[in-house]
Amino acid sequence: MSASLKQHHERMRLAGVELVMIMPDSLEQHRAYGQALFGSELPYLYAPDTNRNIARAYSLLRKKEHHHGGFYYRSLRIVDRDGVITHRALPWTANTEVDEYHRLFDWLGMDRGEWAVQCGLTKAETEASRSRYLVGRRGVIDDAHP
Amino acid sequence: MMFQLGRDGARGSSGRSVPLPVDVDDQTAGEAPDLERAPKVGDRAPDFLIYAPLGDQLLRLHELASRAGRVVLVSQDSYRYHGT
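Chains Z and U supply the protein sequences, listed in that same order.
Going left to right, the first sequence walks through residues 0 to 145 as numbering that gives the first Met the number 0 numbers them.
Going left to right, the second sequence walks through residues 0 to 83 as numbering that gives the first Met the number 0 numbers them.
To be clear, the hints were calculated from the coordinates, so they are not data collected in a lab.
Ideal Cβ positions, reconstructed from N, Cα and C, are used throughout, including at glycine.
Treat the hints with care, since some could be wrong.
[As the list claims (entries may be wrong)] Derived, one-sided and incomplete: chain Z residues facing chain U with beta-carbon distance under 10 Å:
#1 Arg12
#2 Leu13
#3 Leu18
#4 Val19
#5 Met22
#6 Pro23
#7 Asp24
#8 Leu26
#9 Gln28
#10 Tyr32
#11 Ile53
#12 Thr85
#13 His101
[Unchecked claim] Pairwise CB distance ranges, derived in the manner of DEER restraints:
#14 Z:Asn50 / U:Gln56: 18 to 24 Å
#15 Z:Met109 / U:Ala51: 38 to 44 Å
#16 U:Glu62 / Z:Glu40: 20 to 26 Å
#17 U:Gln56 / Z:Val83: 20 to 26 Å
#18 Z:Glu27 / U:Arg43: 18 to 24 Å
#19 U:Leu57 / Z:Glu9: 18 to 24 Å
Only chain Z is shown next, with the shape it has when bound in the complex:
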């Protein structure tokens, strides 16, 4: 999903929309991931929720660990000029359902974007980059998580 959002970020900005990614990774991890996979930092704004305070405030925590690991729900919210939530998808399954990804652009009143899995990288390149990222972070594994 990062690839799709990276691809459409500039279009959203031109439409007067700011995009903020909320994740439990630190800012440094976020930057390292962008460099490893795309050769540059991811362009959108970032909220590192390392202490899970944002997740608690927005009810983003799963009751049980996802079978791939982790406790964070994917979610989508749109906030207006007054800081009021105008749209909400919780959970947001845009990583597996194209229609869900398109819902973002429908809500914004924009043309639908193409759902990009790899953003120009081949699958092999993506996996190789991600493996390097993970090995660089932990120095212990020899392959990426499926």
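Chain Z is already provided as a structure; the job is to place chain U on it using the hints.
Using the frame of chain Z, we list chain U on its own:
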């Protein structure tokens, strides 16, 4: 930060299972999500700090919303658990 081994782990090129670390000391494991209490349409979004890329500029969500007019908030789990 303490870690414990992930439940499933990853499958390495050697074929062996490679466990992934999972946080266990953040008091969130097993915490029930309460979708009814989750901020919903019409609610004021809880405020938090945001970083701009290519710099360490900080701003708050409400400040950003006031400037931009519309802000899209997307959440997802750690990069260690997903691809692109």
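Requested in this report: Check each numbered hint from earlier against the structure, then list the numbers of those it violates in ascending order.
Outcome: When the structure is compared with the hints, numbers 2, 13, 15, 18 turn out to be violated.
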